Amino acid sequence: DTSDKRIALSNNYAGNSWRQAMLRSWEKVTGQAVADGVVAAADAFTTAENQVTEQAAQIQNLILQGYDAIVINAASPEGLNGAVAEACGAGVVVVSFDGIVTEPCAWRIAVDFKQMGKDEVLYLADQLPEGGNLLEIRGLAGVFVDDEISAGIHEGVAETGKFEIVGSVHGNWAQDVAQKAVAGILPSLPDDIVGVVTQGGDGYGAAQAFNATNRDMPIIVMGNRHDELTWWKEQKDANGYETMSVSIAPGVSTLAFWVAQQILDGAEVPKDLTVPFLRIDQDNLEENLANTEAGGVANVEYTLEDAQAVIAGAK
Amino acid sequence: MTALLRKPWLWAWLGALAVWLATATFTHGRGSAEVLSAALTFGAFFVIVALGQMFVITLGPGNVDLSIPACMTLAGTVAMKTMDGAASMIPLGLVLALAIGAGVGVINYALIRLLRIPPIIATLSSSFIFQSAAIWWNRGLRVKPPEALADFTTAKLAGVPVIAIAVVLMAVAGHVLLTRTIYGRGVVAIGQNMRAAHLAGVRVERIRAATYIMCATLAGLCGYLLSAFSGGAALNMGEEYLLSSIAVVVIGGTSVAGGFANVPGLWGAALFMFLLVTMLNTFGAGAGVRLVLTGLIIIGVIVAASGGKRGT
Amino acid sequence: MNPRLLRGLLPPLSLAALLIAIFWLQPRTMSYFGLNLLLNLAVPIALAAIAQMFILCVNELDLSIGGFVSLVACITATWLHDTPLLGIAALAGLIAAYAALGALIHLRNLPSIVVTLGMSFVWLGLAVLVLPTPGGKAPEYIRALMTLKPPFIPFPIIAAVVIAIVVHIVLMRSAYGAVLRGAGGNPRSLERAGWSILKIKMTMFALAGFFGVLSGMALVGLTTSADANIALRYTLLSIAGVILGGGEFVGGRVSPIGAVIGAVTLALAGSFLSFLRLNPDWQIGAQGAILIIVLALRVLISRSEVRS
Amino acid sequence: MSGTSPIVVLDGVEKSFGAVRALTGVTLELRRGECLGLVGHNGAGKSTLMNVLSGNLSPDAGRITVDGADITGRLTPQNAVAHGVRCVYQELSLCPNLTVAENARISHPSIAGVGWRRAARELISGMLDQIFPGHGISTDHLVGDLSIARRQMVEIARAFAVTRAEAKVVILDEPTSSLDGVAAKKLLAYVRRYVDAGGTCVLISHLLGEIFDTSDRIAVMRDGGVVALDRAKAFDRNSLVAAMGSVAERAPGQARGGAAIRETASIVVQARPRIPETLSLAAHKGEVVGLAGLSGQGQTELLVQVFDHAAGAQVSGEVALVAGDRQTDGIFPLWSIAENISIGSLRRFLKGPFLDHVAARAFAEEWRKRIGIRTPDVGQPILSLSGGNQQKALFARALGSPAEIIVMDDPMRGVDVGTKQEVYGMIRDEAAKGRTFLWYTTEMDELTNCDHVYVFREGGIVADLPRAEMTEERVLHASFRADA
Ligand SMILES: Nc1ncnc2c1ncn2[C@@H]1O[C@H](COP(=O)(O)OP(=O)(O)OP(=O)(O)O)[C@@H](O)[C@H]1O
Ligand SMILES: Nc1ncnc2c1ncn2[C@@H]1O[C@H](COP(=O)(O)OP(=O)(O)OP(=O)(O)O)[C@@H](O)[C@H]1O
Ligand SMILES: [Mg+2]
Ligand SMILES: [Mg+2]
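Chains as they are written, first to last, in this note's numbering: chain C, 25 to 339; chain F, 761 to 1072; chain L, 31 to 338; chain Z, 22 to 505.
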């Protein structure tokens, strides 16, 4: 019984639509759980700036507030280990997701970002049997998710052996930054870019940058944002444009919530859990688009049963 | 010739030219014209905010507006959500964005004046509040801009981006404002010595208020145009404008100690900053090397620009 | 009451008020364990604020201290841990680089804001090169020091007091300290008395570099491992800390004790807010609001002092 | 008494700033046990010469010998101090953020180690007591909190203080410009004691009375060269002024008889200092009203109050101000002379919404001629002017503005005798045309130009003297408390 347990969400960043969707999913699902008396409280906390030190301080404060479990989307996989160790030492259950932490005492709900990057290339290899030149849009330098996805992409390129990455820019997972970076580098690239591998949140910006030139539109892998899906749909209707879209679902925060609840409930839960990423393809585009809020991100929310299934699957 | 060498804006333009040539050499001239066109477009956004920031910085040591990113975000999100893609709402959206900017400026100035908080801290603190307001307003949803507005921001006239032309005109107006009006003289006087300016009959507080309000209004305008240009407002869309706006102003030859400003340098520095990143991207440098080089080149330009001065 | 004294009392008073509010909201913090958790991350911030204070004292501003502390953290968690000699050499080299920066700024009469803005990219880039993905490990002795559990008084409090007092003695009480501060008040006067401003600037920048190094090491001691972006926020925090502590941007008017108190106040302000459990939408805004309130208090008091 | 052995010999010293030849080959010797008075019009090169001697400027040509050692090439500030050359600069050079004692330590490197604070305190307070008994300065006060007069005292005491480094030659560049008459007397008396004990002193001043009273010899500079050098007794006021090349001095200015104005003209300024017991001040249209008293007794505050149209002051008409503390209140250091002058009357250069720079430049040029600012070109930076000429630019700014009321904050600091006479004339002319002047001055002679005088003490007005009743004695009497 966890009806007297209190769970906190420690979030390091709220400045984009993905994070906002994540917070909303949390609010919706945990709000219901609190109303149903499953847990006593499930409060969300966000730091003012996306900074390791600030989140470390936040976690320490959550310990002081006596939460029984802290669910973390971490600013850094390593930088919070000191604070996480303090939490574990104080008997607090720590569950990390999306941005996971490496401190062994914490649980991790990981997405295989490397696989995600690799899948992008594999998809392109399917679509473009003769290969060609690729443009890579990376995320924020020095953040591990960026390294993971990029490593997967490069691994995919090496494995398939028919692509060459002719340009790489940092788009900081932001539409306008990606647009600017791509617009800057495009003129210097060969004319035959066949594909753009991305990390999410940057596909539409890349499309805009290509639009501004008279180049052929390459296959741009999308990242599940509403604007990306909408653009894709328009292109699909107009000229049969094909691509795929992949990202981690923001609702994974709710999975982390249920996992934390299960741990508090005494369930035996392995330290490492994996969730699949949310992939949208040509045939289920319309369905997913319809389910995505205008301006938001394609999402999946989890129930207690989903969580139990994930836990059972990992054992 | 020596008169030209002493122009404060010269070095920014030389820097821009040098990195552009370096890029062109590397790519054997391919796409150089397009790079320039892209630089004009993106440089225009920098110049809009830098114009306001320049007037603020000229007010003297410690004067700087750190709320530009938050103001851009707030104005952009509110305008986009209000217009909701409807062409008929474009003017209303613009007015709204400008009004939000002006409001932000009023709040900033009130903090500085009434609560005597140093500008750097006042605008930093207020920016958190504006950022929260933007989140609260539409929680990061990305609303598309009206088609016509987006087209305007991406349109070209004889190969030159329309927005760049508009911003060049704005810069000319800024130059006239700085050098040929009582307001502009006042700003420069305050930047050199606020007490002396007051005692020389300059309406110090009126001018300071006007400057902070103008700066934030320009940030609002930039937020509006940028979100139209990039297909909607994002909560993090202004982030890189925080340091860039300062860098553009100072690389452009305006004195950070206040009391001395110039507008032509803004365009030079904005182009320089964009072309620099493009050059390093083109060279295929890794993130670490790219950052180190960016920093060193910025310092290099400043050192070169100070060539005339002797150490004191 | 002497206005200068009253002005000097403001920072500790606002810190005390904040502490009382926190104790009231969350009595659990009023323990050895609670104070430790509440304050330990303030130690590296206080060190960074001291570093910034040295720079502000000679009328310059350092926008690169956050990147610098990050780089130090990365080096500490890698080289200093794996090959201590190389690590020590690198850190000493960084301090020398800071001194050289001071020399460059002085000799070429450059605006420090731009130079350090450029340096912030350089430090960050070097940090990414040293530690491309987050990781590394804090050297054992640093970890041990930062998690020290002395009897009765929590370590962060002892550390803060020691830092404040040591720097106060060096800068405010020593004979050479007066010269260093004088360079912020009227460099011409110093030159006329035969002091080399170049040497003074280099000394001050080197001191800033030294405390930046301490800050990075302390930070890694707490976080156990590093990240290239770990301390970027320290740039603004350090400036805000010095100002909250009664320092000024120009004129060499700074106070080491004030800077430490200001830094601790800032760190506590964040905690205070999380104890309030605000609506997530407004959590960011509240941090701005609290900064404004603390500074506004300062003004209200000094206004009433003027009136009386 | 006055010695004959030279301690400093300057031989053919030249110095140019671009096209300006500030020193054109100065040959001069300073002797042990004498005070040399150095006079000359604004921009004659007095400060430049002393800056060369104290190592702050390196000469373009010429030789400098101190105590028999030729130190021409090696003259740095440090070296000059080591040779016992001390200087009190025209523009004060203390660190405002340090205490009085700490400032003493700055120029006395030998005060160091444990207990340095006490040593510094004793050094400076001892010296202050010697020179300015009853100065009322605590050694732990921040210099920035002191009035400009007290700062001047600290700087002077610091220069005379002796530690391991001796003070063999002390240069005083207009040391009394911010001091009131009483403090100035104390200083000059000390200078006499100091030279009588074998020291050497250079006294630069535009107050010829001081020069005559204090110096053993007088050197007159004109346009970068020494044009006359003789025993003080060999000069009289007229011959000195003639040597300086100024227009021969007119008789002290006379006001137009204040009583008449008071009866006919309307009141344009009525102001009351912000302290409980005080008289209030009234100025009528066309009147020149003097604010007298020791320095720092609230005169400046009242002027600013009037300038700001602040509470306690009823002012009808625009006000312009002539600052006396030009560094902090007056000049815009990055601007040219023309820009510094025209800022006071920008409105008149408006063509539509825009400023006409050509007209502004012409206006500045006209004022350069009218008030005799020594510069070839008003486009030059203001800092290229000598102190007195900068002050003239500030006069031009205020007199050229459309303001009806002009407040002047001890505006003649560092202005040479000839110019002063011209400015007095200008003020009287402008007053005759209907402008009103509020004029704070620390120089008794200037009060004779006023129609009406108010004496200040401790922030308030304690006496109200029409021109006819104003005598030096009455002003002095009112300046001091009865029991003091
Ligand atoms: N006596 C003074 N000494 C030094 N600085 C002063 C003085 N009086 C005012 N100031 C400075 O000038 C500012 C007031 O300037 P001023 O009165 O010129 O504003 P203003 O624009 O004329 O005001 P308004 O527009 O309301 O008429 C003050 O904030 C202060 O910083
Ligand atoms: N740094 C400088 N740059 C250019 N010109 C200068 C500089 N310093 C002094 N001058 C010029 O040198 C000349 C001599 O100036 P100086 O300050 O020595 O005059 P002064 O005799 O002290 O006058 P005052 O009585 O007004 O103080 C002046 O014409 C002045 O304009
Ligand atoms: Mg002089
Ligand atoms: Mg005088």
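Note that these hints are calculated values from the structure, not bench results.
All values reported here derive from a predicted model rather than from experimental measurement.
Cβ atoms here follow ideal geometry from the backbone N, Cα and C, with glycine treated the same way.
It cannot be assumed that every hint is accurate.
Claimed, not checked - Facing chain Z, from chain F, some residues (calculated, C-beta under 8 angstroms):
#1 TRP773
#2 SER848
#3 PRO851
#4 LEU854
#5 VAL855
#6 ALA859
#7 ALA933
#8 VAL936
#9 ARG940
#10 THR941
#11 GLN952
#12 ALA956
#13 ARG963
#14 ARG966
#15 PRO1024
Said to hold, decoys possible - Some chain F residues flagged as far from chain Z (calculated, every beta-carbon gap over 10 angstroms):
#16 LEU781
#17 LEU852
#18 LEU858
#19 TRP896
#20 ILE942
#21 ASN953
#22 VAL962
To be verified - Within a straight-line C-alpha distance of at most 25 angstroms, the following computed BS3-like cross-link-like pairs (lysine-lysine) qualify:
#23 Z:LYS306 <-> Z:LYS206
#24 C:LYS138 <-> L:LYS167
#25 C:LYS52 <-> F:LYS916
#26 C:LYS257 <-> C:LYS295
#27 Z:LYS207 <-> Z:LYS306
#28 Z:LYS189 <-> Z:LYS207
#29 Z:LYS206 <-> Z:LYS189
#30 F:LYS841 <-> C:LYS257
#31 L:LYS179 <-> L:LYS167
#32 C:LYS295 <-> L:LYS167
#33 Z:LYS372 <-> Z:LYS306
#34 Z:LYS254 <-> Z:LYS206
Pair hint C:LYS52 and F:LYS916, alpha-carbon separation not exceeding 25 angstroms: Answer violated: C:LYS52 to F:LYS916 is near 46 angstroms, above 25 angstroms.
Restraint outcome when F:ARG963 is required to lie within 8 angstroms of chain Z by C-beta distance: The hint is violated - F:ARG963 has no Cβ within 8 angstroms of chain Z, the shortest such distance being about 11 angstroms.
Restraint satisfaction for F:ALA859 [CB to CB of chain Z, less than 8 angstroms]: Violated: closest Cβ of chain Z sits about 24 angstroms from F:ALA859, beyond 8 angstroms.
Interface restraint verdict for F:SER848 against chain Z (beta-carbon cut-off 8 angstroms): violated (34 angstroms)
Satisfaction of the F:ALA933 interface hint, Cβ to chain Z closer than 8 angstroms: violated (12 angstroms)
Hint consistency between F:LYS841 and C:LYS257 [alpha-carbon to alpha-carbon, up to 25 angstroms]: holds (22 angstroms)
Whether F:LEU781 stays farther than 10 angstroms from all C-beta atoms of chain Z, as the label says: Holds: least Cβ distance 34 angstroms, greater than 10 angstroms.
Given pair status - Z:LYS206, Z:LYS306, alpha carbons within 25 angstroms: Violated, at roughly 36 angstroms.
Closest CB of chain Z to the CB of F:LEU852 still more than 10 angstroms away: The claim holds: F:LEU852 sits with its nearest Cβ about 29 angstroms from chain Z, beyond 10 angstroms.
Check on F:VAL962 being off the interface with chain Z, judged by Cβ distance over 10 angstroms: With a cut-off of 10 angstroms, F:VAL962 comes too close to chain Z, as the shortest Cβ separation is near 7 angstroms.
Supplied contact hint for F:ARG966, tested at 8 angstroms Cβ to chain Z: With Cβ-Cβ at 14 angstroms, over 8 angstroms, it is violated.
Proposed proximity, Z:LYS306 with Z:LYS207 (alpha carbon, max 25 angstroms): The hint is violated at about 39 angstroms.
Hint violations for this structure: numbers 1, 2, 3, 4, 5, 6, 7, 13, 14, 15, 20, 21, 22, 23, 25, 26, 27, 33, all remaining hints satisfied.
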